[in-house]
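As you go down the protein sequences, you meet chains B and X in turn. Going by my numbering, the first sequence opens with residue 62, and the numbers climb by one from there. Going by my numbering, the second sequence opens with residue 62, and the numbers climb by one from there.
A few of these clues could be false.
Note that the list lumps identical chains together, so a pair holds whenever it fits in one copy or between two copies.
Here are the simulated BS3-like pairs of lysine-lysine, each with C-alpha atoms no more than 25 Å apart in a straight line [unchecked claim]:
#, residue 1, residue 2
1, K231, K259
2, K112, K509
3, K465, K507
4, K390, K509
5, K390, K302
6, K447, K507
7, K139, K509
8, K507, K112
9, K507, K390
Keep in mind the hints are simulated off the structure, nothing from the lab.
There are 2 protein chains.
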Amino acid sequence: MEKRNIPKDFPVVILAAGEGSRLRKGGNHLPKPLAPLLGLTLLERALLTWKTAGVRRFYVVVGWEGKRVAAHAQELAKRHGLDLEVVENPRWQEGNGTSVLAVKDRTPAPFFVSMVDHVFEPSLVEGFVQQVKDKKSTIIAVDPRVTQVFDLADATKVRLEEDRVVDIGKEILPYHAVDMGLFFCGPEIFQALEKAKKEGDGSLTGGVKKLAAQGEMCAVKLEEGFWTDVDTPEGLEYAQKGLLTCVARSQDEGWISRHFNRHLSRWITARLASTSITPNLVTFLAFALAVAAGCLFALGKLGTTILAALLVQAASVVDGCDGELARIKFMVTPWGAWWDTLLDRYADGAIVLGITWEYSHGHGEAWPWILGLLSFLAFVMASYAKKEHALRFGHPLPRDAGDKLTRRDLRLFAISVGGLLNRPFPTMVALAAMSHLWIGWMLWRKRKG
Amino acid sequence: MEKRNIPKDFPVVILAAGEGSRLRKGGNHLPKPLAPLLGLTLLERALLTWKTAGVRRFYVVVGWEGKRVAAHAQELAKRHGLDLEVVENPRWQEGNGTSVLAVKDRTPAPFFVSMVDHVFEPSLVEGFVQQVKDKKSTIIAVDPRVTQVFDLADATKVRLEEDRVVDIGKEILPYHAVDMGLFFCGPEIFQALEKAKKEGDGSLTGGVKKLAAQGEMCAVKLEEGFWTDVDTPEGLEYAQKGLLTCVARSQDEGWISRHFNRHLSRWITARLASTSITPNLVTFLAFALAVAAGCLFALGKLGTTILAALLVQAASVVDGCDGELARIKFMVTPWGAWWDTLLDRYADGAIVLGITWEYSHGHGEAWPWILGLLSFLAFVMASYAKKEHALRFGHPLPRDAGDKLTRRDLRLFAISVGGLLNRPFPTMVALAAMSHLWIGWMLWRKRKG
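Isolated chain B (complex conformation) (with noise of 0.2 Å):
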């Protein structure tokens, strides 16, 4: 095999000829290429997850419902730009095998090999085809977290010896990780594929087994990130919830957010997921509740600040999902994060309005509004100090609890919470007065060393 230095330029082949029986046996009636989770048919999310690696062509191998399938593999290939060939499999019953199979004649090895059914958190598959191009054989990739895997009982299993694969299979004992459904094959995979037909095992697997004996077949252990595969009803329900974790975690780490926002956001992320909303209208939806708020200070009633708490603390959650979905739908633009960004100064600059306007009634003075300024500002200069930092230093400033005092989540949280007790204004300048403190500290410290 030549040296393979650049392992994205090679194809993914994708199998999907399947059946699926066991998921449609849950009342749906589609093939389970086609089956919808968290807004996308589990053929896009294993296409977008693939290209999000760096994987730029795509071979779909297609056989239970063929043409619907490919079809929708076109459809696909269409709306994302994808360099996507469909292959049929007339033999998809006599084993997974076949598919790879199928590709003999379309291109040549090495290439990756991915199930549809096998959900992946996205940076694993990136670490995989990072990890690949030290290899010299076919390689498959497992999980050594067994006592993690959804299914344990039909998972297949790999025995190892360093990183060489030994055995595999679903009965085999010992075995020390599980096969996750993501391979890269050489050449040599036909002839194994070939053999092991013959001798009446037309799985993948069975290819797999062949190579082990003759010691030409690697393993990559992915100890990181999130993946499963789908097989039943239960089995796609578990996958929603590991995918929106995944994408929960990876926003930013305020406490209130992380202990509370996040559980929220999570449960609206995946009802929004399955509707045409984009993650930057969300953006929007945020803004526009935070403006509602203010609007609600202004008034000072009693009822009408009880409400404003409740939709800042609501905008605050709100602003969770649009990243949460972006990540989810495989729709992160540049765009997005400087959008949500912008409307989230402007819709602070509501809330301080509103909130210091309402004061300004009970307290003719001009002091209101200087100290409405001045929080403003401390609002604003708490995430402009951390992004000029970037751009200066070229990484961002320490997340110690400074910083995690000056974040948004927690600032509208106590905002909320303020306005419960119906004292606003008050918590407004101390949250401020703590941003200023804050920005003067990290000047002065950064200054020392």
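Dock chain X against chain B, hints included.
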């Protein structure tokens, strides 16, 4: 000669042995390497210029007043943490070629050679270091912009055939470029210098002439950036002007900054350079001027308003000096840039506060304060939007007219003019409206592609 792929791992030999009698005729009694130029001695500037280009080892060859120059070099090495060795050249009166020969037993070739009395814009030396890596012979840096040379009659000219030097000297004709006093020398230089010396020419030019005759002398043309040699008091003045122009040029590209502020700030920077005032202190002074302007605006008398208006523009001018001073004295730090940008935002806050406070007195309602808060929001967001864009997209927003209209230099100038006309508040609000519109327009435009 071995392959030179990391040229900045090679040392630089700085020739600082000459008498520099013409410079001393101006009443200066210091040895030339100790002559001050914008707060640094010529030797310090040479060392820091090469350090900026990434060079890490230094040989300083001393001759006339050798002990004094050596002591200064050692002190600089300590202050700037340089790996520096002083080499004495007792034969310095026989020509500057003997100074290169003096390092023969101290360091193997190749190495860079630089004249202490040549002043370079750092990017130019960096460019030379970059270009050297593909060359195979001894190299001289030459400037084809002959009409821009300060004292062309006294300059050493170079005749070229493609990138080979075929002749060098003060009197040769025709010539294509001028010797910049920057060399990269292979071991063949020693033999060439000894040969020339035997024939009565102890200068570096003599050695270069020999190599040129053997076809072993390459030239690298550097056509951008400022440099000059400093032989006379007039040359020193020319160098000062040139360096100040360079550092002002790298300032941001605002209209007011370029066509007005820069001329004043350059003048101030030249004065500040010879004091021990640091750039970070200048940053604070600019901030203090803006805060003073804010306080004066708040007083609201015609006289104080006019004074405030003048201070606003003064703050804008001084805000240009910190960066200029930092660049001209090699004191640029990420912290300084961070500090500068954060204080700019606080300074804007102080000005908005003062103007709004005064205006609210005559117009008892809350709306002046609402407009004030929205104005501050506009000014800070005009900057924030640019920073966030750079972070999210990895490149800055286009520097178009909208960008220039929302820059701080124009903003402060307009507020100053508005103040002189006793209309600071409406001016501020109009500027703010423009900034908000620009932000909206940018978001819209970038979204569409």
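Right, here's what the structure says about each hint:
In the homo-oligomer, the alpha carbons of K231 and K259 lie at most 25 Å apart inside one protomer (21 Å), although the nearest pairing across protomers, at 88 Å, exceeds that limit. In this homomeric assembly, K112 and K509 come within 25 Å of each other (Cα to Cα) only across copies, at 23 Å, whereas the closest approach inside a single copy is 45 Å. Taking the shortest alpha-carbon separations for K465 and K507, only the intra-copy value of 18 Å comes in at or below 25 Å, while the best inter-copy value is 31 Å. Taking identical chains as interchangeable, the C-alpha atoms of K390 and K509 lie at most 25 Å apart only when they sit on different chains, with a minimum of 21 Å there against 44 Å within one chain.
In this assembly of identical chains, K390 and K302 lie within 25 Å of each other by CA distance solely inside one copy; the values are 14 Å within and 58 Å between copies. Proximity of K447 to K507 under the C-alpha cut-off of 25 Å is found in both arrangements, the shortest distances being 12 Å within a copy and 24 Å between copies. Within a single copy, K139 and K509 get their C-alpha atoms only as close as 56 Å, which misses the 25 Å cut-off; across copies the closest is 21 Å, which meets it. For the identical chains of this complex, K507 and K112 are inter-copy neighbours only, at 24 Å across copies versus 40 Å inside a copy, given an alpha-carbon limit of 25 Å.
For the identical chains of this complex, K507 and K390 are inter-copy neighbours only, at 22 Å across copies versus 39 Å inside a copy, given an alpha-carbon limit of 25 Å.
In the structure shown, no violation is registered for any of the earlier numbered hints.
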